[in-house]
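*Asks:* Each chain is listed here by its residues.
Protein chains: 4
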Amino acid sequence: MNVGVLGLGYWGPNLIRNFLGHPEIEKVIGCDKKEDRRNFIKSRFPSVELTDNASELMEGDCDIIAIATPVNTHYDFAKDALEAGKHIWVEKPFTSNSAQAEELIDIAQKKNLKIFVDHTFIYTGAVRKIKELIDKGELGDIIYFDSVRINLGLFQNDVNVIWDLAPHDLSIMNYILPGKIAKSVDADGIANFYNKENIAHISVHFEDNCFAHFHVNWTSPVKIRKMIVGGTKKMLVYDDMENFEKIKVYDSGIEMKARENIHEALAQYRIGDMYSPKITQTEALNLAVNEFIESINEDRMPLTSGKDGLDVVRILEATDKSINKGKQIQIGSTVVIGE
Amino acid sequence: MNVGVLGLGYWGPNLIRNFLGHPEIEKVIGCDKKEDRRNFIKSRFPSVELTDNASELMEGDCDIIAIATPVNTHYDFAKDALEAGKHIWVEKPFTSNSAQAEELIDIAQKKNLKIFVDHTFIYTGAVRKIKELIDKGELGDIIYFDSVRINLGLFQNDVNVIWDLAPHDLSIMNYILPGKIAKSVDADGIANFYNKENIAHISVHFEDNCFAHFHVNWTSPVKIRKMIVGGTKKMLVYDDMENFEKIKVYDSGIEMKARENIHEALAQYRIGDMYSPKITQTEALNLAVNEFIESINEDRMPLTSGKDGLDVVRILEATDKSINKGKQIQIGSTVVIGE
Amino acid sequence: MNVGVLGLGYWGPNLIRNFLGHPEIEKVIGCDKKEDRRNFIKSRFPSVELTDNASELMEGDCDIIAIATPVNTHYDFAKDALEAGKHIWVEKPFTSNSAQAEELIDIAQKKNLKIFVDHTFIYTGAVRKIKELIDKGELGDIIYFDSVRINLGLFQNDVNVIWDLAPHDLSIMNYILPGKIAKSVDADGIANFYNKENIAHISVHFEDNCFAHFHVNWTSPVKIRKMIVGGTKKMLVYDDMENFEKIKVYDSGIEMKARENIHEALAQYRIGDMYSPKITQTEALNLAVNEFIESINEDRMPLTSGKDGLDVVRILEATDKSINKGKQIQIGSTVVIGE
Amino acid sequence: MNVGVLGLGYWGPNLIRNFLGHPEIEKVIGCDKKEDRRNFIKSRFPSVELTDNASELMEGDCDIIAIATPVNTHYDFAKDALEAGKHIWVEKPFTSNSAQAEELIDIAQKKNLKIFVDHTFIYTGAVRKIKELIDKGELGDIIYFDSVRINLGLFQNDVNVIWDLAPHDLSIMNYILPGKIAKSVDADGIANFYNKENIAHISVHFEDNCFAHFHVNWTSPVKIRKMIVGGTKKMLVYDDMENFEKIKVYDSGIEMKARENIHEALAQYRIGDMYSPKITQTEALNLAVNEFIESINEDRMPLTSGKDGLDVVRILEATDKSINKGKQIQIGSTVVIGE
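Protein chains in written order, with my numbering: chain A, 1 to 339; chain B, 1 to 339; chain C, 1 to 339; chain D, 1 to 339.
Careful, some of the hints might be misleading.
[Said to hold, decoys possible] To be clear about the criterion: a stretch of chain D counts as covered by chain C if any three or more of its residues have a C-beta under 8 Å from a C-beta of chain C, and this derived list gives those stretches:
1. 151-158
2. 178-192
3. 198-204
4. 219-232
Derived from the structure by calculation, the hints contain no laboratory data. The C-beta atom is built at its ideal place from N, Cα and C for all residues, glycine as well.
Given the sequences, and given the hints that come with them, work out the whole structure.
*Replies:* Below is the structure:
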């Protein structure tokens with residue numbers, strides 16, 4: 001198979017390196033209007049063909065087009081690529097709105113092409129381990145999901161901090177909590193420097209009383225990437241800044257006790273052992289590329305398909321509305337995660 | 001002076017120990033209906049007189065009544081004490097609603113009695129150091145305040161997690177950001193075990209575009225007590241779980257750059273040195289008792305007065321409304337913090 | 001029983017508080033030549049009788065004399081107390097040299113009196129948990145023990161940093177590795193401020209090829225109290241500065257592989273899960289007092305007896321010799337730990 | 001210039017990448033007897049010429065030979081390269097003994113060729129910052145240097161853990177403490193798996209009473225890379241496992257107080273602020289390559305020359321003797337670091 005990589009900025013070189021490393025990829029073509037980015041790729045990956053012309057790339061002999069350009073260009077490039085009969089790989093967030101995502105899914109379905117949305121974290125050893133623990137019932141029912149992803153980050157000027165950072169965490173939530181029905185979204189934020197929020201907080205309420213919260217921030221002096229998953233049996237902390245013990249599972253929790261008098265607690269806590277499972281170290285992007293190519297070969301939906309991209313975009317859209325109106329936005333039962 | 005301590009539960013013994021240690025306090029009387037609590041105090045502090053009768057305590061020769069009972073009893077006990085001509089010390093949160101707080105402030109003013117609200121954190125070395133740094137302009141203008149206070153905590157059955165934990169953080173915010181005008185409150189939460197929220201998130205918007213957020217949680221497997229204060233010059237992290245370096249000041253921040261093209265950031269970050277100032281170790285409650293007695297002697301408002309208690313209660317009230325209605329609640333300009 | 005506490009400095013008040021709390025103790029008498037220390041105890045523990053006369057204390061009606069004075073006075077006070085027919089509690093290190101320790105053990109044996117050496121750490125939840133894990137074979141055979149205890153500490157002027165800090169770690173080593181035979185000691189150190197070492201490193205070689213190392217330092221800017229126990233099956237880290245996860249057990253280790261060629265490793269590592277067992281929170285000194293009184297009642301050796309104190313003193317003596325001579329000191333088979 | 005890289009194992013590819021990135025390097029030739037290593041380089045760096053014949057490489061048109069083979073082959077390859085008129089880059093430790101190092105230095109001097117010993121850590125932002133702080137007197141006189149470098153590491157079968165890991169720390173010590181005279185070395189260790197030590201402790205005493213200690217361990221369940229540098233004014237901690245705050249400078253220390261009585265300390269501690277300077281992020285190996293090529297162009301000694309390699313080897317040799325004899329080894333005034 002041949003792959004065209006569109007956009008050679010921050011993430012493009014990683015895509016190239018991983019596609020080059022896959023045994024079924026014969027040729028990689030890179031495309032960017034900027035000469036310095038093409039020269040950078042030339043020096044690092046001499047075997048990659050280069051062009052500054054996206055239309056040419058679309059019309060060429062690529063089987064796959066990987067789109068790593070700014071969000072607001074995803075839809076047009078993706079549509080062109082699908083129309084040209086290519087499978088597509090799209091960076092997160094999938095599209096600028098859910099209508100675009102739905103249309104692309106529709107086109108792909110009709111032409112039997114695959115859409116892969118690069119929710120990279122789904123392919124990390126840590127997130128796969130969390131999924132495994134939840135699936136086998138280790139944590140019990142999940143009652144809450146709390147995520148913090150903050151650092152001193154480069155401002156994007158086409159999207160706010162929610163569209164930039166939250167797709168990582170929303171895609172993880174959707175992956176580990178399939179079948180849950182997101183009911184409403186409440187978002188708050190502040191734009192200190194120009195008209196895009198640089199700090200934001202997002203709450204998601206689920207039909208079964210589960211609750212999720214996301215804190216994203218481009219203006220934090222410290223880098224924190226931490227999630228807490230609260231279950232009825234055990235609770236889990238995933239700290240992505242830890243080098244070694246990224247996941248800790250706490251055999252601790254809340255137990256209900258009979259009410260005695262007004263000063264007594266109704267619920268009391270239990271503290272037990274903690275353990276930290278070993279995490280596989282394989283590069284996530286490598287597994288992602290494998291999954292995409294396998295899904296094409298096996299003619300099946302990839303693990304992170306257009307539908308998963310759409311689920312994330314729907315919540316992102318709802319955060320925009322919620323911030324504008326200052327209230328909770330009902331999402332409706334259409335967002336059954338992962339279905 | 002003589003002090004009556006009403007309520008000998010978790011916090012009462014600490015009040016007794018600190019009042020006993022003050023040179024101007026001659027006698028301490030403890031009061032609790034529960035015999036085991038009185039016996040506990042007897043064994044630990046043999047010099048303390050004990051009674052099970054609150055009315056007797058009110059009518060006795062105490063100059064000060066310290067109220068360390070459940071929140072919903074604060075107003076009645078406080079009113080009785082003020083009517084009996086006593087200065088009062090009230091645990092946080094001051095009252096169950098703002099009307100009660102206003103009435104107590106009014107009574108105290110008319111009778112020239114002092115109300116001290118025990119916002120203990122204001123008296124810690126760490127918070128006083130933060131105040132000092134902000135006051136001398138070290139951080140520049142404050143653009144955001146982010147607080148996390150979560151652990152596996154004992155459930156209260158008379159209040160939710162916001163009324164239990166957030167007063168600490170709200171009082172710190174009000175103390176270090178005086179004069180700012182809180183405009184609206186948006187709160188979200190979930191009650192997993194009975195009808196009181198055990199997890200909650202609160203956003204506060206200010207008139208000058210400053211933003212504050214509070215995460216409180218009784219059901220976290222890990223204990224986190226961390227605040228970030230973002231300023232235009234520097235940013236500060238206060239981690240109360242650190243034994244030694246509780247405060248770190250980052251000479252890092254955001255700088256606006258001219259816009260070049262659509263892929264370029266409008267704002268870029270700057271990373272500089274960090275420093276951690278030495279913190280005074282004196283027990284906060286000891287300083288709080290000193291401040292209260294000094295304010296009585298000098299016939300002036302204590303640092304944490306009824307007005308400060310009221311400011312916190314107003315925001316707590318707004319969180320209740322916001323959770324009920326699922327939207328932001330305007331507070332109105334009445335809440336000029338600390339004035 | 002009545003207890004006399006000799007020396008009301010840093011540790012004396014803790015002894016008083018814990019003896020007072022024991023149900024079988026009727027009376028506690030405190031003794032110190034310094035008036036301000038006696039006054040301090042009077043204000044904190046009004047029920048304690050006080051004297052400035054050690055001889056009087058020895059001749060009085062105490063059943064137990066607890067000695068919390070400088071090390072170089074332990075032997076004289078301990079001998080007087082034993083001669084007067086009292087059971088003794090002695091702070092660590094037991095004595096200034098092994099001859100003194102042997103003599104005291106001899107006297108106690110002849111008069112059927114108990115010697116309790118206050119190796120407090122043996123009674124902490126963490127050390128008891130480590131002992132339990134090793135005893136049940138969880139770690140396999142122990143191949144090394146590495147301890148670091150450093151901070152910015154108050155200099156003692158009667159002993160060097162080894163005699164001040166290492167007894168904690170040596171007593172822990174002896175407790176968790178009973179039956180091992182210490183073969184030689186090699187110590188190194190430096191005295192930067194006056195003629196007592198403020199930094200020291202101690203190596204202990206065992207007959208079975210087990211190896212222990214101790215780093216003690218009064219002049220470290222950071223406080224570290226960390227031990228690693230390496231076993232053939234698992235390895236354990238005990239970090240006493242951690243608030244919650246003090247002990248971590250690593251299912252990691254070294255596995256021998258067949259030699260392939262000169263560039264290949266002979267041994268390779270295996271990385272598995274980690275777990276952190278729950279630790280009991282009871283105050284160590286409380287359990288120590290219980291153990292001492294129980295050993296008297298049951299007429300048996302306490303868990304930390306004169307023999308355990310002697311084992312530690314023998315190694316301390318060897319460190320002095322090793323530093324003086326700049327070489328390893330053979331200890332001889334007399335030091336079979338704990339026997 | 002052309003460069004031949006001998007040994008394409010773990011470190012070789014990094015050398016190739018950095019030499020390739022230098023503007024003055026025209027050609028890089030890689031040499032390894034193993035076909036799979038040559039193939040690996042071919043796939044990663046297609047422009048690199050490859051050979052399995054070291055003699056051919058030596059006789060070719062390279063200006064520089066970089067030697068990244070096992071330690072016991074360094075001397076032969078280095079001598080051949082110098083004899084063939086090449087400048088040499090040698091991985092640490094420089095040679096297997098000091099006689100070899102002296103001979104190579106001698107040959108290079110006679111032929112006016114440069115020897116660069118790859119003490120990579122010297123080129124890290126962190127170590128250069130420490131050097132800068134010490135040079136400008138920020139820490140005062142250095143009284144001790146304490147280093148811990150432990151992890152679950154691959155066993156080497158040609159050298160013990162000291163020769164494998166300690167060169168990093170010894171070279172850092174020598175770099176930041178130039179002019180100090182190392183007087184004696186005392187080393188202790190244990191070989192648990194075969195006849196090479198896997199755990200070791202090394203003490204170095206200096207003529208001016210400065211003291212250094214090194215703990216190296218291949219069998220630790222946790223990875224620690226931490227140094228403490230104690231000065232008379234300030235103290236510094238360098239934690240290489242920290243992602244962000246690698247260096248912390250403590251304005252804390254020891255102050256001598258007049259002696260009052262036997263219980264009083266002679267020295268007391270002072271605790272002040274801490275700060276963490278910003279560290280430059282440039283890749284160390286990149287700076288190392290620049291320094292080597294610049295030293296050739298300017299016909300001067302590189303920052304890490306054969307003499308620096310020899311200083312490290314002399315201490316390594318002394319550790320072997322000390323472990324064998326169980327005593328301190330005098331080094332003599334020949335080891336004036338860096339001169």
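*Asks:* Work down the list of hints and note, for each, if the structure agrees.
*Replies:* Evaluation of the provided hints:
As drawn, the region 151-158 of chain D meets chain C at 7 residues by the rule of a beta-carbon pair under 8 Å; at three or more, the given contact holds. By the rule of at least three residues with a Cβ nearer than 8 Å to a Cβ of chain C, the coverage given for the region 178-192 of chain D holds, with 6 such residues. Against chain C, the region 198-204 of chain D contributes 4 residues with a C-beta closer than 8 Å to a partner C-beta. That satisfies the three-residue criterion, and the hint holds. Here's how the region 219-232 of chain D fares: 6 of its residues keep a CB closer than 8 Å to some CB of chain C, so the rule of at least three is met and the hint holds.
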